[in-house]
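As they're listed, the protein sequences go chains A and B.
Heads up, the first sequence is in my numbering, so the first residue is 7 and it goes up one at a time.
Heads up, the second sequence is in my numbering, so the first residue is -7 and it goes up one at a time.
Hints are computed from structural coordinates only; laboratory data are not their basis.
One or more hints might be untrue.
Unchecked claim - Computed list of lysine-lysine pairs in BS3-like fashion (alpha-carbon distance at most 30 Å, straight line):
{"id": "1", "chain 1": "B", "residue 1": "33", "chain 2": "A", "residue 2": "114"}
{"id": "2", "chain 1": "B", "residue 1": "70", "chain 2": "A", "residue 2": "7"}
{"id": "3", "chain 1": "B", "residue 1": "36", "chain 2": "A", "residue 2": "114"}
{"id": "4", "chain 1": "A", "residue 1": "48", "chain 2": "B", "residue 2": "46"}
{"id": "5", "chain 1": "B", "residue 1": "7", "chain 2": "A", "residue 2": "7"}
{"id": "6", "chain 1": "B", "residue 1": "33", "chain 2": "B", "residue 2": "46"}
{"id": "7", "chain 1": "A", "residue 1": "74", "chain 2": "B", "residue 2": "36"}
To be verified - To give a feel for the contact side, a few chain B residues facing chain A, derived at Cβ under 7 Å:
{"id": "8", "residue": "34"}
{"id": "9", "residue": "35"}
{"id": "10", "residue": "37"}
{"id": "11", "residue": "40"}
{"id": "12", "residue": "44"}
{"id": "13", "residue": "53"}
{"id": "14", "residue": "98"}
{"id": "15", "residue": "100"}
{"id": "16", "residue": "101"}
Model, not experiment: these values are computed from the prediction.
Beta carbons are placed, not taken as given, at the ideal position from N, Cα and C, and that holds for glycine.
Okay, here's what each chain looks like letter by letter:
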Amino acid sequence: KQEVTQIPAALSVPEGENLVLNCSFTDSAIYNLQWFRQDPGKGLTSLLLIQSSQREQTSGRLNASLDKSSGRSTLYIAASQPGDSATYLCAVKAGTYKYIFGTGTRLKVLA
Amino acid sequence: EAGVTQFPSHSVIEKGQTVTLRCDPISGHDNLYWYRRVMGKEIKFLLHFVKESKQDESGMPNNRFLAERTGGTYSTLKVQPAELEDSGVYFCASSRPGGSGNEQFFGPGTRLTVL
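In isolation and in its complexed conformation, chain B is listed as follows (with noise of 0.2 Å):
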């Protein structure tokens, strides 16, 4: 089975751009999560799907953030604009519908750096 994947690995790019990252959960799973680690931080829920629907985004750190999920499939995550302090690896997880017990896989992050 295929594990968490997401793209990029890596983007650079200045204040005030676009970028938007993408994670594609392991097949099957309804649960979709983002987190982030920015420098010398620990690394902090961002948000949750069910499926298509957010279900808990109490993690996101401001309207400069937009995360969709449509179709229930891949997820994207918008920041737009890009400030310095959202520097940092975004890290994506998928878990298996049903209880909160689940394990949750992870991807292997992408590394934002914002100039």
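The shape of chain A in the complex, shown without the other chains (with noise of 0.2 Å):
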């Protein structure tokens, strides 16, 4: 059964830090990794989407690797903003199309 968790559960860090955001998964079979950005009361934002064959996508100050055989992938966010403040969410998508969600991780960007 696929399992997913992120750590930290939760962080704070001023303004500028280079931070990063752990996921790991206990099945390396999976067609994809998505990492998404909920802010409170709103919805999923995508942020990166990392195919099984990909090692790492960027997007702006984003950057998420992928390493099936460990299981693991990392959300690598530079240059921290306030803005950034949200939880940080991880999903795999395994054996079938639906995700399996790790818990999160609550990020606090201090000014």
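Fit the two chains together into the complex; they arrive one by one in their own frames, and the hints show the way.
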């Protein structure tokens, strides 16, 4: 059974810091992995989608890597800003069409 | 292109009442999914439609939940009768036909509160 874990559960950093969010999954047979952002009371915003054949994806200040063999993905945020404060969710698609989500990392960037 | 839309955005009902949530997927997306997040837990899969057919409903919690997608367009999720533990945020997502590597696009969710 696929399980997705995100560490840390919460993170508070000063503005300008580079930071790394971690996601691990137990079954390496995945189709893709997607990182989302969720603001309080809002829906899910897709940040980056990494297909199983890819090692990383980049968008602006965000970089996501995927290591299937070790069951890990990291989301790197460069030069963090207060507007980056949100919950970041990792989800893997494994075996069927459904996503398995982690519990998320709550990020707070202090001005 | 319009995104996935959900209605209502919020619903507050009393235990025992019925609520129907609606999801309109992105036009042309054959695949439609329902997920939910209950307080303190991760987002969990409920079911998957391909056009009007239920492909996987393994995540539906019990028979108080009924999902339909008549005509393969919008979908409804009915909870009858609602219980306190049904409170949470219900998300709908859609994806293009074809490969399982396709990205799922999520709607803003419906926040359901059962009192």
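To see whether the hints hold, each was checked on the structure:
no. : hint          : in the structure
1   : B:33 to A:114 : 20 Å, holds
2   : B:70 to A:7   : 28 Å, holds
3   : B:36 to A:114 : 25 Å, holds
4   : A:48 to B:46  : 27 Å, holds
5   : B:7 to A:7    : 33 Å, violated
6   : B:33 to B:46  : 25 Å, holds
7   : A:74 to B:36  : 22 Å, holds
8   : 34            : 5 Å, holds
9   : 35            : 4 Å, holds
10  : 37            : 4 Å, holds
11  : 40            : 5 Å, holds
12  : 44            : 16 Å, violated
13  : 53            : 15 Å, violated
14  : 98            : 4 Å, holds
15  : 100           : 3 Å, holds
16  : 101           : 5 Å, holds
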